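Number of protein chains: 2
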Amino acid sequence: MAEDMPQMDELRSWRERFHTSLYDDVLPFWMKHSLDREFGGYFTCLDRDGSLYDTKKHVWLQGRQVWMLSRIHNILKETDGTDGRYLEAAELGARFIRKHAKADGNRVYFSLTREGRPVFIQRKMFAECFYVMGLAEYARASGDDSARQEALDVFESVQKFARNPALLGRPQLDGMPKTISLAVPMILLNLIQEVNGPGEDRYPELAEWCVEELLKHFHADRRIVLETVLPNGSYLDTPEGRLVNPGHAIEAGWFLLDYACRSGRDDLKQTAIEAMDWSFDFGWDKEYGGLYYYLDAGGYSPLQLEWSMKLWWPHCEALIGFLMAYRESGEARHLERFRQVAEYSFDRFPDPEFGEWYGYLDRRGEVAMRYKAAPYKGCFHLPRALLLGEQVLDELTQRQPAAGRSTAR
Amino acid sequence: MAEDMPQMDELRSWRERFHTSLYDDVLPFWMKHSLDREFGGYFTCLDRDGSLYDTKKHVWLQGRQVWMLSRIHNILKETDGTDGRYLEAAELGARFIRKHAKADGNRVYFSLTREGRPVFIQRKMFAECFYVMGLAEYARASGDDSARQEALDVFESVQKFARNPALLGRPQLDGMPKTISLAVPMILLNLIQEVNGPGEDRYPELAEWCVEELLKHFHADRRIVLETVLPNGSYLDTPEGRLVNPGHAIEAGWFLLDYACRSGRDDLKQTAIEAMDWSFDFGWDKEYGGLYYYLDAGGYSPLQLEWSMKLWWPHCEALIGFLMAYRESGEARHLERFRQVAEYSFDRFPDPEFGEWYGYLDRRGEVAMRYKAAPYKGCFHLPRALLLGEQVLDELTQRQPAAGRSTAR
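Just so you know, the protein sequences line up as chains A and B, in that order. Take 34 as the starting number for the first sequence in our numbering and just add one per residue. Take 34 as the starting number for the second sequence in our numbering and just add one per residue.
Simulated from the structure, these hints should not be mistaken for lab results. Hints are not guaranteed to be accurate.
Since the list gives no way to pick out one identical chain from another, each pair is judged satisfied if it fits inside one copy or across any two copies.
[Unchecked claim] Straight-line Cα separation of at most 20 Å, EDC-like style, residue types lysine to aspartate or glutamate; simulated pairs: (1) 249 to 307; (2) 135 to 207; (3) 249 to 273; (4) 89 to 241; (5) 211 to 148; (6) 89 to 273; (7) 132 to 207; (8) 319 to 399; (9) 89 to 207; (10) 302 to 137; (11) 302 to 121.
Nothing here was measured: the structure is a model prediction, and the numbers come from that model.
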């Protein structure tokens with residue numbers, strides 16, 4: 034594939050923008066405002082200017098921020114060098130969750146008070162997943178083997194919860210159709226990569242099971258990725274079964290593409306890229322731009338009142354996804370899609386005055402919520418997209434093979 | 034208070050509009066589309082034109098529709114006469130929920146399959162409340178004393194759930210502040226009136242407890258009604274504690290005003306009306322019109338992504354509330370507020386093509402969801418507002434005292 038120079042200039046310019054955003058805007062925001070030096074852990078309810086509107090600490094974001102800061106430390110160690118500030122901040126969160134976030138039976142609370150007392154526990158397994166993700170990367174950053182052991186131990190429980198969701202306490206009533214959820218194989222596939230160190234290949238069978246389960250949600254006949262399907266993969270004609278979350282579907286696509294690249298499963302690459310293309314075609318708002326949050330595959334109104342909003346994270350996933358798709362396909366279409374998402378996003382989400390991105394725009398692209406951190410928005414999707422995006426842009430502009438420094442690691 | 038003729042003309046014209054909407058538009062929509070003659074009960078997932086987008090049956094709306102149709106039957110029996118069609122439709126729902134909606138321990142499921150198999154149960158007591166409400170009114174419509182006994186029996190359980198929410202299965206963790214919720218005394222006060230027949234006065238002590246609890250949420254210093262406060266009524270400075278739902282607050286106001294009128298508690302009338310005024314002042318969108326769904330009393334962005342949407346039901350509550358406030362106060366301000374809400378609502382919510390109202394507009398007042406019925410929207414808020422509104426408008430235009438036919442009964 035021959036690259037013309039203007040395109041290389043464009044890619045270098047995006048690479049520069051991603052790098053600068055990450056290290057001069059986004060990470061400084063979290064390092065300045067989220068660290069709780071008094072009680073440990075991270076504040077997760079930050080207003081536009083970084084001030085607190087609540088002192089509660091949401092555990093999804095504790096685990097994810099431990100992961101993010103540890104990853105940054107690990108990357109800087111290998112490249113530009115580091116003064117250790119990100120590791121120290123990661124340790125602040127790791128110590129806090131290890132002390133306070135665990136409930137009985139390797140369950141993990143959803144939210145804690147500032148001091149670490151439990152507030153709420155979900156009947157879902159995602160707090161557990163992000164706990165594993167955080168500790169696994171933190172163990173590599175710190176060399177703390179007990180953190181690695183604990184990540185592996187909780188990961189065993191997560192696999193049990195995935196096989197038997199009744200363990201999470203949600204009753205399975207007689208009239209509720211038995212279904213499977215896209216989020217479960219996605220997060221497990223991601224966690225397998227997280228708990229495996231470089232060059233390690235534990236859980237190969239689980240990974241293949243995840244791929245199988247993921248693919249049940251990819252419906253080529255409808256050119257759509259469904260959140261919820263019957264256990265054999267067939268379509269369930271209800272609001273739950275018709276639900277499409279285009280950003281989540283694109284995230285599933287790049288998880289799968291990354292797995293395909295790592296494991297040499299070339300047969301999966303095309304499927305993964307197609308799923309991203311379908312989701313973009315269906316999910317992009319042709320009138321106002323941006324990716325819808327939710328859609329109904331049958332064309333009905335979704336039940337979710339916030340369906341037409343434009344959230345930061347689906348756009349973050351699409352930035353990573355279409356860069357990876359372009360790297361693998363070399364097709365102009367994928368570069369064009371990356372550009373479309375990047376221009377939409379950098380035009381609307383950043384807050385030049387106080388830093389970081391707004392998280393929630395209305396359908397027309399106007400800021401709907403002024404806060405920068407909330408129970409589901411923290412130091413994760415945006416810095417991850419900037420970091421992984423920069424890595425792919427490096428590969429594209431330097432034309433280096435991905436080698437040991439593959440994207441999602 | 035002297036009424037000038039143009040104002041009387043206006044009130045008569047609204048009375049006509051309410052009556053016509055109720056009997057020629059809204060009730061026919063539900064009678065035509067929601068009745069499941071094959072399995073019993075009501076369909077609660079109806080698209081714009083009344084066609085089904087799901088066959089699930091949501092129990093809040095089963096109970097509320099039984100109430101609504103029974104109430105219409107009871108009203109028509111006393112006034113214009115009836116061919117029994119509403120009673121027959123009420124029976125269709127009452128039989129279905131009595132057969133299928135009860136779980137162990139007088140708990141009531143949240144949703145059922147079309148055939149009546151249980152799909153989901155909430156860790157809240159509102160399905161139980163609407164079950165009581167439906168059966169109590171149905172018993173008066175049908176003369177079925179077993180329905181009345183069952184309503185009273187489940188109401189006893191509801192009181193237990195209200196005193197001890199742990200019975201509903203939600204763990205009370207150590208770091209979760211103990212709080213009280215506006216919805217609980219509201220619904221109990223309402224249910225007391227529902228289970229009491231005309232002239233009956235059971236549960237007077239419970240009613241006074243409800244009033245006390247309600248008033249803890251009315252914060253005169255901030256001119257605001259809060260959804261969640263500490264058990265002694267004090268302000269909790271968190272997103273939960275700062276949450277304001279203006280339509281819900283106005284509903285609390287008219288529940289209290291109605292109770293005050295019925296029980297001769299003149300001292301409460303002013304408080305109830307003030308609470309509606311505060312909620313309107315704070316909750317009306319000065320830029321685009323309409324009542325916001327949620328606001329934060331501290332001026333932060335609420336956590337609820339749908340906060341700025343304009344929902345049909347807060348406007349329905351405001352129609353009833355300001356008509357009742359005007360009836361009691363005679364102040365032009367309250368008529369003006371009624372007019373403002375009525376003009377906003379009748380301009381935007383109705384669907385002249387297929388009938389009924391849309392339920393969900395975006396902040397600018399454009400239709401956001403095309404369906405007419407959904408898990409929380411059914412044959413209830415709108416027909417109740419039209420029915421009770423017509424009754425108050427009758428009182429205002431005929432200048433008859435409310436007598437035995439008080440509004441919320």
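Ascending list of hint numbers which this structure does not respect: 4, 10 and 11
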